[in-house]
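Could you use the hints to bring the two separately framed chains together as a complex?
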Amino acid sequence: MTALAALIRRDIKIALRVGGGALIGVLFFLTVVVLMPFALGPDLALLTRLGPAILWLGALLASLLTLDRLFMADHEDGSLDLIVMSRTPLELTCAAKALAHWLAAGVPLILATPVLGLLLNLDATATAAVALTLLAGTPALTFTGMIGAALAVTLHRGGLLLAVLVLPLSIPVLIFGVAASQAAITGPLAFGTPFSILCALSLVSLVIGPFAAAASLRHGLD
Amino acid sequence: MTLIDLANPTRFLQLTARILPWLAAATAILLLVGLYQAAMAPDDYQQGATVKIMFIHVPNAWLAMFVWGVMSLAALGTLVWRHPLADVAAKAAAPIGAAFTFLALVTGSLWGRPMWGTYWEWDARLTSVLILFLMYLGLIALWRAVEDPSRAARAAAVLTLVGALNLPIIKFSVDWWNTLHQPASVLRMGGPSLDRSFLIPLLVMAVAFSLLFVTLHLAAMRNEILRRRVRSLQMMQASRRSA
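Line by line, the protein sequences give chains A and B. To convert, count from 1 in the first sequence and add 321; that's this note's numbering. To convert, count from 1 in the second sequence and add 23; that's this note's numbering.
If you are wondering where the hints come from, they were derived from the structure by calculation, not from laboratory data. For clarity, every value in this text was computed on a predicted model and none was experimentally measured. Certain hints may be false.
[Said to hold, decoys possible] Computed footprint of chain A on chain B; a stretch qualifies when at least three of its residues, placed anywhere within it, have a C-beta under 8 angstroms from a C-beta of chain A: (1) 51-64; (2) 167-176; (3) 184-193.
Ideal placement from N, C-alpha and C gives every residue a C-beta, glycine not left out.
Pulled out of the complex, with its shape left as it was, chain B reads as follows (with noise of 0.2 angstroms):
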C-alpha cells in the first residue's frame, strides 16, 4: 500500500470506511484519558487551578501550526506530483486548522484574563498566531472565490506554499516587535522545563488532539470526495436534461 494506491477515491474510501471507526475511538479514549490527567494534575504555586487551561490551549496551538504543514505537503502534492486526492487534502484541512487557531486564540486570550490581566495583549505570540488565523481565512475565502476546484486548488497550493515561507518570517518579525508570551518550555535546547506532573498529561492531550485532527480530516476529505460525485452527478444530469 503506498500513496499512490491511494490515489483512486474509491479505494481511499473504503480504506478510510474501514479505519475511521477505530481512529474515532482511540481519540476518544485518549482524550477522556488526558482530561481525567489534566484534572488530576496538581495546581500550580502560582497560577493556582487556572493553569489546566494549558492542557487545552498548548495542544490547539501545536496543531493550528501543524495543520499548516500538512497543507503545505498537500501543495507540494498538488503542484509537483498531481497527486488527485492532495487538492481534497488541502481543502479539507483549512477550515480544521482555522478552527484549532481559533481555539488556540479564545483559551489563550482566557488565560491571560487572570494571569495578564488583559483578554488581549499585542504580544509576538498572540499577534503572529492571530495573523496565522487571518491567512487560514484568507485561504478558505480563495477556496470559495472559485467554482472550478482543481484551479482553485494550484492557487491555493501557491499561496499555501508562499505562507509557509512567510510565516517563520512573520514570526521572527513580531518577535522582534513586541513581546510577552513566555518562551517555548517543552521543545527546547537542554530538555523540557516543565515539571513531569505537567508534561504527561499534556503529551497525551497532543497526541490525543492529533489523533483528533486526523479523524477529522480523514472524515472531511470523505465528504469532499462524495460532495465532488454530488456535483459531478448534478452536471451531468443538468446536461443531459438540457441535451
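With the rest of the complex left out, here is chain A (with noise of 0.2 angstroms):
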C-alpha cells in the first residue's frame, strides 16, 4: 500500500515539475476551445448550443495528448522495468499509475471547465452540468488509454498509433457525457440516466484498464 502511495506521489510529483508536461493538456485544451470560434463564426448563440460538445471534444483530445507520457518516461530511464519486476500487483501498479495521471493531467481540465465555459457564453447550471460530466467521464477516458499507452510503449511506437487506437474506445464516453450535459441544460430526457451509464462506463473501464494494461506490459516488455 505504501508503496502505491508513493508511486502515485511519485508520479504526481513528476508530472507537475518543470518537463512533466500535465499542464501542457490544459494549454492544448484552451487552444482547442479558442480554435472553435474561427471555424464556426463568433456567434454566440451556435456556440452556446454547441458548448457542451465543444469542451467534451477538446477534453477528449487534451487528455488523448498527455497519455503519450504515462508509461514512455518510466520506459525510457528504465524505472518500468524495475515496476514490472517488483513484487507489488502490476494491475495494481497500472491503476495507482492511471490514478495518478488523472489526478495530475484530467483535474486540471475539469478545473479549467468554467473558464472556457465562460469564453462560450455557458451559463451556471451548463457549465456545472459539463463539469460533473468531466469529473464523471474523464476517469474513463484515462483508463481507457492507458491499455493503448500500454501497447505503445511495448512497441516503441507513440502519437499517432497511440490516437488510432484509442479514439474509437472512448466514442461511449463522449456519447454519453455529453448526453448527460445536453440533458442538463436543455432536457428533455433525464439527466440522471445517461450520467449512471456514465459512471458505470468509468468503474467499468477502472476494472478492465489495468488488467488489459498489465497484460500488455508483462508480454510486451522484454
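If you want it as C-alpha cells, here you go:
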C-alpha cells in the first residue's frame, strides 16, 4: 500500500514539475476551444448550443495528448522495468499510475472548464453540468487510454498509433458525456440516465484498463 | 487430430493443401446456388427489386462481426495457450474482416440511397459498423507498425480482446444515441419475421459467405506462414553473409 502511495506521489510530482507536461494538456484544451469560434464563426448563440460538445471534444483530445507520457518516460529511464519486476501486483501498479495521471492531467481539465465555459457563453448550470460529467467521464478516458499507452510503449511507437487505437474505444464515453450535459441544459431527457451510464463506463474501465495494460506490459516488455 | 497437432506449421500446410480445393469448390457451388435463388426470389411489395441487395448485405454484416469473434478466439490462443498458429490466424483474419465490414457498409449505403433517400445516415447500426471498421483498420495498423510478428501478436491480442468487450458497449451506446435501421428480423425471440421465400436464399448465402471466409482465411494463413519462412530464410542468409 505504501509502495502504491509512494508511486502516486512520485508520478504527480514528476508530472507537475518542469518537463512533466501535465499542464500542457490544459493549454491544449484552451487552444482547441479558442479555435472553435474561428471555425464556426463568433455566433454566441451557436457556440452556446454547441458548448458542451466542444468542451467534451477538447477534453477528450487533451487527455489523449498527455497519455503518451503515462509509461513512456518511465520506459526511457528504465524505472518501468523495475515497476514490472517489483512484488506489487502489476495490475495495482497500473491502476495507481493511471490514478496519478488522472489527478495530474485530468483534474486540471475539469478545473479549467468554468473558465472555458465563459468563453462559450455557457451559463452556470450548463458549466456545472459539463464539469460534473467530465468529472465522471474523464477517469474512463484515462483508464481505457492506458491500454493504448501500454501497447504503444511495448511497441516503441507512440503518437498517431496511440490515437488511432484509443479514440474508437472512447466513443461511448463521448456519447454519454455529451448526452448527460445536454440533458441537464435543455432536456427533455432525464439527466440521471446518461449520467449513471457514464459512471458505469468509468467503473468498467477502472476494472478492465489495469488488467489489459498489465497484460500488454507483461507480454510486451523484454 | 486435435488443435495441438495443428501447432506444427508443416502439418497445417499439408492438411490445408488437401482440404482447400474442396472448400473452394463448396464455396463456389453454394455461392452460385445462393445467387440463383436470390435472383429468383420475389420482389418485395414495397422495396421492389432493391430488396435483393439484402442477400449480399446481410451476410457481409454477419461476417464482419463473426470475424472479430474468430480473432478474439485467436487472441485467447495467443495469450493463454500460446498456440503457435493463433497469431497467424489473428493476423490473417484482420484484413478479411475489414473487407467484409467495408462491403457491408458499401452495400448498405447503396441500399439506403433508394430506400431512405440518402447514402449515409448517422444511425446507430451504421455508426457502430463504421466504428467496427475503424477498429479493424487500427488493428491492421498495429500489425504493420511492428517488425517482429510475435511481439505484434501479443499487442494485437490485447487490443482484440479489449475491442471484443467494447464492441457491445459501442453498439448499445449508439443504439441509445440515434436509430433508423430496422431491428433484427432473423435471429430474434419468436422466430424469424422474414418470409420463407427470402429466408432460405439468405441462409444459403450466409453459409456460402462463411465458407468463403474459411477458405480465404486458411489461404491467407498459408501465405502468412510461407511469408514468415521466407523472411527467416532471408535473415539467415543476411547474417551468414555478414559473418
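Within 8 angstroms of chain A (C-beta), three or more residues of the region 184-193 of chain B: It holds: at least three residues are needed, and the region 184-193 of chain B offers 7 whose Cβ sits within less than 8 angstroms of chain A.
Between the region 167-176 of chain B and chain A, are there enough contacts, at least three residues with CB-CB distance under 8 angstroms, for the coverage claim to hold? holds (count 4)
Confirm or reject the coverage of the region 51-64 of chain B by chain A under the rule of 3 or more residues with a beta carbon closer than 8 angstroms to the chain's beta carbons. violated (count 0)
In the structure shown, a violation is registered for the earlier hint numbered 1 alone.
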